[in-house]
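Participant: For the sequence shown, my numbering begins at 136 and goes up steadily by one.
If you are wondering where the hints come from, they were derived from the structure by calculation, not from laboratory data.
A portion of the hints provided could be inaccurate.
Quick list of in silico lysine-lysine cross-link-like pairs, DSS-like style, CA-CA up to 25 Å [stated by the list, open to error]: (1) 283 <-> 177; (2) 329 <-> 224; (3) 179 <-> 356; (4) 179 <-> 329; (5) 179 <-> 283; (6) 177 <-> 329; (7) 283 <-> 224; (8) 356 <-> 224.
Label-pair restraints from in silico Cβ distances [stated by the list, open to error]: (9) 344 <-> 263: 34 to 44 Å; (10) 219 <-> 183: 20 to 30 Å; (11) 345 <-> 183: 31 to 41 Å; (12) 219 <-> 356: 12 to 22 Å; (13) 356 <-> 206: 32 to 42 Å; (14) 311 <-> 230: 39 to 49 Å; (15) 260 <-> 334: 43 to 53 Å; (16) 206 <-> 303: 16 to 26 Å.
Yeah, the Cβ is synthetic: ideal placement off N, Cα and C, and Gly gets one too.
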Amino acid sequence: MLNRSLKPVLAVWLLGSVAACGQQPEQASNPVLQQAVDEFLKEKSVCMPLALTEANGELSPGVQGMLGEPIIRVVLPATVEWSQTAAFKQMDALVQGGIYVPLIDDVLLGQPDGGVAAQVYQLTDEGRGYVYDSRFGDIFCMGHERVKQVVAREDDVEQTPNGHYLIHISYEPEFVMVPWAQALVAAGNQQLAKQIEPGQVSRTTLVYADEQWQDSRQFYKLNK
136 MLNRSLKPVL AVWLLGSVAA CGQQPEQASN PVLQQAVDEF LKEKSVCMPL
186 ALTEANGELS PGVQGMLGEP IIRVVLPATV EWSQTAAFKQ MDALVQGGIY
236 VPLIDDVLLG QPDGGVAAQV YQLTDEGRGY VYDSRFGDIF CMGHERVKQV
286 VAREDDVEQT PNGHYLIHIS YEPEFVMVPW AQALVAAGNQ QLAKQIEPGQ
336 VSRTTLVYAD EQWQDSRQFY KLNK
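Using the sequences and the hints, build the whole thing.
Facilitator: Structure (structure tokens):
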């Protein structure tokens with residue numbers, strides 16, 4: 136016998152289930168569409184070639200290697216105060232995040248009057264977990280996007296010959312960064328900071344099939 140105290144809750148749940156199942160594709164709300172895009176985006180890492188940069192966005196001088204490579208070497212004139220450089224601050228953020236480990240600490244090469252200070256960093260096992268070997272070389276994966284808001288959608292839902300429904304939307308993405316990437320931005324990496332600037336707009340098509348909306352990028356990958 137059903138517990139009397141559960142009857143009202145069960146009745147509300149059943150009504151909600153019937154209403155959800157009976158919803159037509161043409162009536163899809165923005166939150167429903169946003170959730171469909173988020174389901175795709177959370178499984179898709181954002182990866183890019185990444186370098187150490189100055190405050191003006193230019194590449195930091197004396198840096199040999201891109202972030203994500205097994206070895207990063209920074210060579211500077213011995214007269215430069217190493218701890219105040221943009222390269223040091225950004226690499227220190229990666230060291231604190233467990234991504235790189237320093238191998239050599241301010242070693243002078245050559246004569247003191249004309250020498251240079253070198254700092255060498257090695258990618259850790261944890262750091263290698265964020266590296267993707269692309270056709271362009273090693274790139275760093277730093278998190279994923281999610282939908283901040285749906286900014287536009289077509290009024291009409293298109294029906295395909297196979298019975299699916301399509302709708303095209305535009306949305307503003309936001310970047311969900313792993314902690315070390317957040318620290319890298321805080322340390323002044325302008326390349327990554329530019330990547331996460333607000334106000335960007337992306338577009339996608341959503342497919343309604345099997346009584347649910349899916350991002351077309353996910354749907355067609357699963358239904359090849």
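Participant: Each hint needs a verdict: does it hold in this structure or not?
Facilitator: Going through the hints against the structure:
1. The straight-line distance between the Cα atoms of residue 283 and residue 177 is roughly 13 Å, inside the 25 Å bound, and the hint therefore holds.
2. For a cut-off of 25 Å, the pair hint linking residue 329 to residue 224 stands: about 18 Å separates their Cα positions.
3. For a cut-off of 25 Å, the pair hint linking residue 179 to residue 356 stands: about 13 Å separates their Cα positions.
4. Pair hint residue 179 plus residue 329 holds up; C-alpha atoms about 20 Å apart against a cutoff of 25 Å.
5. Under the criterion of a C-alpha separation no larger than 25 Å, the hint pairing residue 179 with residue 283 is consistent with the structure, at around 16 Å.
6. Taking the CA atoms of residue 177 and residue 329, the gap is about 21 Å. The hint holds against a cut of 25 Å.
7. Under the criterion of a C-alpha separation no larger than 25 Å, the hint pairing residue 283 with residue 224 is inconsistent with the structure, at around 30 Å.
8. Distance check on the hinted pair: residue 356 and residue 224 sit about 41 Å apart at the alpha-carbon level, beyond 25 Å; violated.
9. The supplied range of 34 to 44 Å is met by residue 344 and residue 263, whose beta-carbon atoms lie about 38 Å from each other.
10. Between residue 219 and residue 183 the beta carbon distance is about 27 Å. The supplied range of 20 to 30 Å therefore holds.
11. A hinted range of 31 to 41 Å for the beta carbons of residue 345 and residue 183 is consistent with their spacing of about 34 Å.
12. Distance hint check for residue 219 and residue 356: the Cβ-Cβ separation is about 47 Å, which falls outside the suggested range of 12 to 22 Å.
13. A hinted range of 32 to 42 Å holds for the C-beta pair residue 356 and residue 206, which are about 35 Å apart.
14. Hint check: residue 311 to residue 230, Cβ distance near 23 Å, so the stated range 39 to 49 Å is violated.
15. Between residue 260 and residue 334 the beta carbon distance is about 37 Å. The supplied range of 43 to 53 Å is therefore violated.
16. Checked against the given bound of 16 to 26 Å, the beta carbons of residue 206 and residue 303, roughly 46 Å apart, lie outside it.
This entry does not satisfy hints 7, 8, 12, 14, 15 and 16, going by the numbered hints stated previously.
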